[in-house]
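Novice: Model the placement of chain B on the given structure of chain A, informed by the hints.
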Amino acid sequence: MVTAFRESYRQMQAISDNRGYQYLAGLHGVPSWYCWHHQQNARSAQQMQLFLPWHRAYLYNWEMAMRDRVADVTLPWWDWTLLPPRQSGLPKIFTDAAAPGGGSNPLRSFKVDLPNARPPIVRGTSRSPEAPSGLPTTDDVNDALARTDWNDFTDKLEDIHDSVHGWVSGDMGVVGTAAFDPIFWSHHAMIDRIWWLWQTRHGNGNISADLLDVPLAPFNFRVRDVLNVNDLGYDYAAAAALIATRGKG
Amino acid sequence: MAKASARKTPRPQRLAAPRRPETMAKSFTSEPVAIEFADASHRFVRADLEINGIAHGEASYEGRIFLDNPKANAKTPKTIEEGYAGSFNIFGHGGCLGDPGHCDINEHNRDPYDFRAPHPLTLASKRVTVTAALRAAARTKKKATITIVPVVTAANDLCDTKDVFHFERMQFVTYNG
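Residue numbers (the working numbering), protein chains in the order written: chain A, 83 to 331; chain B, 12 to 188.
Bound conformation, chain A alone (with noise of 0.2 Å):
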């Protein structure tokens, strides 16, 4: 699977037009602007909370494209709570220098070109995490699964997702250019899952109906249609369990 995953961020990285890794990447931040975060309701008392739909469309749009790369590739979630030995901070996968085989690891770091930005960012994304302890933990994931009231857990859930961006740092710690960094994806897939486990525990809750029809752009989804995976064609594990055996061989 991983190497499927990171061949097809390879292919991706080395297109430059609308099916490439960059312009992709720019719909988050720079140079597009798309991505919804904190609310942005300034002009109605509704609750714009839209940042989870919004991340599910454009993670639904970023996995048909590495599809359309490698047949049958998934996007694996970044699970920041796992402790050691199974883990600790950033996965290896996305660390690694090099690609088995040779040649640079694209999981690691991409290229930004983008040389008409205003500064221009021409460069390869980089990283500052903390030490592992500083990401969040399970209690905090449960704390935002036991909330019952839509917003209470989409704001809860979009803190504990802004605690990891600034927890790896470097381009993942900013909105500009966060979704550049190769991690993003996996990251947001975690948030993602959190939040389909909060489904399936309380439905959609009392997100509000006003919502429903609010189009999710520039995806061709509005949310009612993000609102189950299952009609998106993925699903997610509840849970992974980690069982150690002894034997020979």
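Worth flagging that the hints you see were computed from the coordinates, not collected in a lab. Don't take each hint at face value.
Sample of chain B residues facing chain A (criterion: CB under 8 Å; computed from the structure) [what the hints assert, rightly or not]:
{"no.": "1", "residue": "Arg22"}
{"no.": "2", "residue": "Gln24"}
{"no.": "3", "residue": "Ala28"}
{"no.": "4", "residue": "His67"}
{"no.": "5", "residue": "Ser71"}
{"no.": "6", "residue": "Glu73"}
{"no.": "7", "residue": "Phe99"}
{"no.": "8", "residue": "Asn100"}
{"no.": "9", "residue": "Gly103"}
{"no.": "10", "residue": "His104"}
{"no.": "11", "residue": "Pro129"}
{"no.": "12", "residue": "Pro131"}
{"no.": "13", "residue": "Lys137"}
{"no.": "14", "residue": "Thr164"}
{"no.": "15", "residue": "Asn167"}
If you want the ones that stay clear, here's a sample from chain B, every Cβ over 12 Å from chain A, calculated [unchecked claim]:
{"no.": "16", "residue": "Lys37"}
{"no.": "17", "residue": "Ser41"}
{"no.": "18", "residue": "His53"}
{"no.": "19", "residue": "Phe55"}
{"no.": "20", "residue": "Pro81"}
{"no.": "21", "residue": "Lys82"}
{"no.": "22", "residue": "Asn84"}
{"no.": "23", "residue": "Lys86"}
{"no.": "24", "residue": "Ala147"}
{"no.": "25", "residue": "Phe176"}
{"no.": "26", "residue": "Asn187"}
Computed from a predicted structure; not experimentally measured. In this text, a Cβ means the ideal position worked out from N, Cα and C, and glycines have one as well.
Specialist: Then chain B, alone, in the frame of chain A:
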């Protein structure tokens, strides 16, 4: 309220990667506010500190909330004994990556028939559950200060890293069981 596009910071020729600054940012401390509503005689199951009108156009940071500890800084332990009540996190825009005016919010002057999406920098709200720390403070005090210590996690050359926390108002909200 600082606007990214109005700042005088020289724009770099090319934008380097954001980094985690080593210098401390300026904290905010309120006047002492009444917290008698949180003493043992009042029943509530949860208390939140809601902060509204938060600017998020520049650096990302963790906002650490301390009650009755105006001297708290980035090195203060995050313990209830120090008045630590919880944190919120701001995922900052990363400064203005556009021409002049690109990051001016201007939402309140929009035409009522302007149906475009809100400006991405429309001010944010955060709520942090502070029940335990508020109860602890109310056991011995009738008033307490609220201190916000911003710890910058990522900032590029377009971001102010010293004066990062700007907001419009904050209030406690309690919920009965």
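Novice: Which of the numbered hints are not met once you compare them with the structure shown?
Specialist: none
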